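Go ahead and model the full structure; you've got the sequences and the hints to work with.
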Amino acid sequence: MEDFPESSRPPVVEAIHAEIDKVVVGYDDVIDDLLTVMLAGGHIILEGYPGIAKTTLAKAFTHVLGISYNRIQFTPDMLPQDVTGHYYFNQKDVVFEVRRGPIFTNLLLADEINRGTPKAQSAFLEAMQEKQVTIEGTTFPIPSPFMVIATVNPLETEGVYAIPIAQADRFTFKLIMGYVDDEQELDVLRLKASEPIERMNKLNVIDTSELFEAFNDVYVDDDILTYIHGILKATRNSPLLSIGASPRAGVHLLNASKAKACLEGRSYVIPDDVQYVAWRALPHRLVPSPETSTEDVSMTKVIDTLLSSVSVPLKE
Numbered sequence: 007m008e009d010f011p012e013s014s015r016p017p018v019v020e021a022i023h024a025e026i027d028k029v030v031v032g033y034d035d036v037i038d039d040l041l042t043v044m045l046a047g048g049h050i051i052l053e054g055y056p057g058i059a060k061t062t063l064a065k066a067f068t069h070v071l072g073i074s075y076n077r078i079q080f081t082p083d084m085l086p087q088d089v090t091g092h093y094y095f096n097q098k099d100v101v102f103e104v105r106r107g108p109i110f111t112n113l114l115l116a117d118e119i120n121r122g123t124p125k126a127q128s129a130f131l132e133a134m135q136e137k138q139v140t141i142e143g144t145t146f147p148i149p150s151p152f153m154v155i156a157t158v159n160p161l162e163t164e165g166v167y168a169i170p171i172a173q174a175d176r177f178t179f180k181l182i183m184g185y186v187d188d189e190q191e192l193d194v195l196r197l198k199a200s201e202p203i204e205r206m207n208k209l210n211v212i213d214t215s216e217l218f219e220a221f222n223d224v225y226v227d228d229d230i231l232t233y234i235h236g237i238l239k240a241t242r243n244s245p246l247l248s249i250g251a252s253p254r255a256g257v258h259l260l261n262a263s264k265a266k267a268c269l270e271g272r273s274y275v276i277p278d279d280v281q282y283v284a285w286r287a288l289p290h291r292l293v294p295s296p297e298t299s300t301e302d303v304s305m306t307k308v309i310d311t312l313l314s315s316v317s318v319p320l321k322e
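Residue numbers (the working numbering): 7 to 322.
Keep in mind that the hints are not guaranteed to be accurate.
Label pairs and their computed distance ranges (CB to CB) [as the list claims (entries may be wrong)]:
1) Gln135 / Arg106: 15 to 23 Å
2) Pro160 / Ser128: 21 to 29 Å
3) Glu191 / Glu136: 40 to 48 Å
Just so you know, these hints were derived from the structure itself, not from any lab.
If you're wondering where the values come from, they're calculated on a predicted model, not measured in any experiment.
Note that beta-carbon positions come from the ideal geometry of N, C-alpha and C, so glycine has one too.
Spelled out as structure tokens, the structure:
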């Protein structure tokens, strides 16, 4: 395949990284993926051990983008109205009023979402898909942009609930956040030795309006659409899988590929964008076949096999 022209990252992307790097070290790829999902209008699952800066990263991200932020700590006794809100009787004015829940924000950090019951987790479904919340029959729009970052602790096995496929399918990406390298961890210690909260409050706000405008103008050729469709079909026809990717997954692949192109400074999508996105957008949506599970075939191997089976469009 011929090489596509080199692109350069927009200055606004570099500025966002420079600001977040003041408080979070070693997660440049995750910052890129958060920006990708935000531009694509999607949501993200972060899986990682406690104490690796998932919450700090989310806070810094909202500070720099100048958007609102709420956090929910999920527990087994949480109810849907703890997320969405509820009506209450105002005795002073003798009227029922709505008390909006934490979901009414730009970025919602759903901490340890798998500790909540499926019923509590389901409170997100309407908001994630339709950007609105229904409280006792009345529908309310939620702020735009709206993004959910759901965290999962891989060490916890007791008192947790699996995220249902129907809900997992609404998350654009699932990322694994590991430990940073030795030098980066030393940088973390140096940062924590000074005033971390004060540094967070001093982060500059970066105007991302031009980034959203550029995203809307990204061109997608029919060959790229055919390529995305081919990947979807490959997941559904593979003997390695019991459940393949949904049509919604295709929309997420498309939008995230456009966002990736935008962050790379291109006005068009190339196959590399789709492949980059596929590694992050597909694994949490796919269910291995019994044979795949029995033979202990990794999801990495499954994705590699699927992508290798689909013809990559050539540059004319």
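The hints, checked one at a time:
{"no.": "1", "hint": "Gln135 / Arg106: 15 to 23 Å", "result": "19 Å, holds"}
{"no.": "2", "hint": "Pro160 / Ser128: 21 to 29 Å", "result": "23 Å, holds"}
{"no.": "3", "hint": "Glu191 / Glu136: 40 to 48 Å", "result": "41 Å, holds"}
In this structure, none of the earlier numbered hints is contradicted; all agree with it.
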